[in-house]
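The listed protein sequences correspond, in order, to chains W and P.
Per our numbering, the first sequence starts with residue 3, numbered consecutively.
Per our numbering, the second sequence starts with residue 3, numbered consecutively.
Treat the hints with caution; some may be incorrect.
It does not matter which identical chain is used: a pair holds within one copy or between any two.
What the hints assert, rightly or not - Derived pair list, reagent style DSS-like, types lysine-lysine, alpha-carbon separation capped at 30 Å:
#, residue 1, residue 2
1, Lys226, Lys122
2, Lys126, Lys58
3, Lys291, Lys122
If you are wondering where the hints come from, they were derived from the structure by calculation, not from laboratory data.
What you are looking at is a predicted structure, and each value in this text was computed from that prediction instead of being measured.
Number of protein chains: 2
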Amino acid sequence: MNRICQLFGIQYPIIQAGMIWCSGWELASAVSNAGGLGIIGAGSMYPDVLKDQIQKCKAATSRPFAVNLPLIYPSIEEHIHTILELKVPIVFSSAGNPATWTEHLKSNGIKVVHVVSSVKFALKAEAAGVDAVVAEGFEAGGHNGREETTTMCLVPDVADALKVPVIAAGGIGNARGVLAAFALGAEGVQIGSRFVATPESSAHQAFKDEVISAGEGSTRLSLKALTPVRLLDNNFARQVRAAEDAGHTVDQLQSLLGRGRAKRGMFEGDLQEGELEIGQVSSQIKEVKPAAAVVAELVEGYLELTRGAEDPRFHW
Amino acid sequence: MNRICQLFGIQYPIIQAGMIWCSGWELASAVSNAGGLGIIGAGSMYPDVLKDQIQKCKAATSRPFAVNLPLIYPSIEEHIHTILELKVPIVFSSAGNPATWTEHLKSNGIKVVHVVSSVKFALKAEAAGVDAVVAEGFEAGGHNGREETTTMCLVPDVADALKVPVIAAGGIGNARGVLAAFALGAEGVQIGSRFVATPESSAHQAFKDEVISAGEGSTRLSLKALTPVRLLDNNFARQVRAAEDAGHTVDQLQSLLGRGRAKRGMFEGDLQEGELEIGQVSSQIKEVKPAAAVVAELVEGYLELTRGAEDPRFHW
Numbered sequence: 003m004n005r006i007c008q009l010f011g012i013q014y015p016i017i018q019a020g021m022i023w024c025s026g027w028e029l030a031s032a033v034s035n036a037g038g039l040g041i042i043g044a045g046s047m048y049p050d051v052l053k054d055q056i057q058k059c060k061a062a063t064s065r066p067f068a069v070n071l072p073l074i075y076p077s078i079e080e081h082i083h084t085i086l087e088l089k090v091p092i093v094f095s096s097a098g099n100p101a102t103w104t105e106h107l108k109s110n111g112i113k114v115v116h117v118v119s120s121v122k123f124a125l126k127a128e129a130a131g132v133d134a135v136v137a138e139g140f141e142a143g144g145h146n147g148r149e150e151t152t153t154m155c156l157v158p159d160v161a162d163a164l165k166v167p168v169i170a171a172g173g174i175g176n177a178r179g180v181l182a183a184f185a186l187g188a189e190g191v192q193i194g195s196r197f198v199a200t201p202e203s204s205a206h207q208a209f210k211d212e213v214i215s216a217g218e219g220s221t222r223l224s225l226k227a228l229t230p231v232r233l234l235d236n237n238f239a240r241q242v243r244a245a246e247d248a249g250h251t252v253d254q255l256q257s258l259l260g261r262g263r264a265k266r267g268m269f270e271g272d273l274q275e276g277e278l279e280i281g282q283v284s285s286q287i288k289e290v291k292p293a294a295a296v297v298a299e300l301v302e303g304y305l306e307l308t309r310g311a312e313d314p315r316f317h318w
Numbered sequence: 003m004n005r006i007c008q009l010f011g012i013q014y015p016i017i018q019a020g021m022i023w024c025s026g027w028e029l030a031s032a033v034s035n036a037g038g039l040g041i042i043g044a045g046s047m048y049p050d051v052l053k054d055q056i057q058k059c060k061a062a063t064s065r066p067f068a069v070n071l072p073l074i075y076p077s078i079e080e081h082i083h084t085i086l087e088l089k090v091p092i093v094f095s096s097a098g099n100p101a102t103w104t105e106h107l108k109s110n111g112i113k114v115v116h117v118v119s120s121v122k123f124a125l126k127a128e129a130a131g132v133d134a135v136v137a138e139g140f141e142a143g144g145h146n147g148r149e150e151t152t153t154m155c156l157v158p159d160v161a162d163a164l165k166v167p168v169i170a171a172g173g174i175g176n177a178r179g180v181l182a183a184f185a186l187g188a189e190g191v192q193i194g195s196r197f198v199a200t201p202e203s204s205a206h207q208a209f210k211d212e213v214i215s216a217g218e219g220s221t222r223l224s225l226k227a228l229t230p231v232r233l234l235d236n237n238f239a240r241q242v243r244a245a246e247d248a249g250h251t252v253d254q255l256q257s258l259l260g261r262g263r264a265k266r267g268m269f270e271g272d273l274q275e276g277e278l279e280i281g282q283v284s285s286q287i288k289e290v291k292p293a294a295a296v297v298a299e300l301v302e303g304y305l306e307l308t309r310g311a312e313d314p315r316f317h318w
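Excised from the complex, chain W in its bound form:
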């Protein structure tokens, strides 16, 4: 049996990424109800909001779901307290040192997965006792590693280095990507961008429309002097590029970024001045459709590709 399905007690090894401003209880419960694993993205939530979101998610699904927790979150203790109190079964941690909280969470019966962008951090996560890692490639939306290793190379590298199962992320939005990820050594996939463009996502409708009209070359890894983040091209992204080309300092970039840009773009729908975090795979997303339909298409498409009897490409 697939180790990721076994670990989480889910039907398909398809995980919806926890994303700031886009993945609340509606999306997470819809994905879990469809047989995958839904994740509430806690990075953009105040402690009381997270509490409310978890309660609503539990009311909406009896299946396993997870919370994504960026470990650099300022009120991390409050979030951890909420997660324990409300008995969230699975935590995906990211952006921080997995050694800090993994043991505490696991001793409370919680499965822990850490998101990594390099072999070095994958080994650290395994040493910290995580149950699995997400290996997220350069093509992924949002915050990203400094090594710039792509999914094609990162997934086999991490799978070779670790004993725990690897979940691939970055560049996966349809069944072709799922099969590619499994071929590379993944035992599950984490998908973000494709789930942004669902009715259940809390992204602003204008952002969803922008995602489905994005083409190849529409995103770029930006703000490398701060924390690298993959953004859709817009006026803000062009201002950042101009500032970077002009050799502006970290402080100047920080002041250009300001506060609340991600909310402004993804949640409030300011397409020109907001930060629009999305992956390269947005080029392959053509319509907004329900999360359950996305899961079903991934599963059916995967089965069709692995049967493959009718596809002469696979037969030399």
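Once you've looked at the hints, dock chain P against the given chain W.
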């Protein structure tokens, strides 16, 4: 039947990339004799050298082989004349406008493939009449596109946009990568880095040793202000990074690069001051082995993965 095998008259849709300083007649003929398609990299050859290399290749194999021709090569007319005179059956063109030479080559019975890094250039190549394209992702070694689209995203994007078959390049060094590429919509693979580390490659032994000891994160896309090129980290690459961080001008970078850096690094084995062009997949290359053994491993590994009956990962 696989369209790439049919197009070139070869046994396996495995193509050895034409690489400056690394792929002369010995490597090209070895790959062609093993059932793939070998390519002589003409970009680093004077006209008389290319002529000699083609003649030696023809003496060493009766099977199809190709020449890779960067279209910005200064003495391009002489190279084209040689290719026609010696009846080279296939040309892979790159780095330039495919509209300039494709028709001329095709009217002389030559199959033409163009290397692209974006959907935009793929469409231009198809309009110019090429028989196939190579879609080369961000993880590839050597010169690279400005869009930074990875193989995971570029291959399906280009395959969806074109009618001619797509050959995937970038991040492919073993059977997992081949299956991933086919899952993504490719009908062939072009492999560079893995063939650098063969006895038949003309790379310096010191460079081959460096390739097999590279790990995840060892390469970086550099010199973006000139032409982006993926290099192994060394003293020269660090100098470039420092100059880029300090906001040096294009002229300053050009003067830092100077002339002959690639030859110095890859052919003469100056590991610190030379340019060492290699892909991210070098992390997965652990030993120097004959080109025929590389081809055989790719083929056998692919068959094993596609049979897949014994691998529970593929079965949910």
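query = How would you label the pair Lys291, Lys122 (within, between, both, or neither) given a Cα cut-off of 30 Å?
reply = between (37 Å within a copy, 27 Å between copies)
ask   = Can you tell me if Lys226 and Lys122 fall within 30 Å by alpha carbon in one copy, between copies, both or neither?
value = For Lys226 and Lys122, the Cα distance is within 30 Å both inside one copy (19 Å) and across copies (26 Å).
message = Checking an output row: Lys126 and Lys58, CA cutoff 30 Å. Within, between, both or neither?
response = Result: close neither inside a copy nor across copies, 34 Å intra and 51 Å inter.
The structure is inconsistent with hint 2 alone, although it conforms to all the rest.
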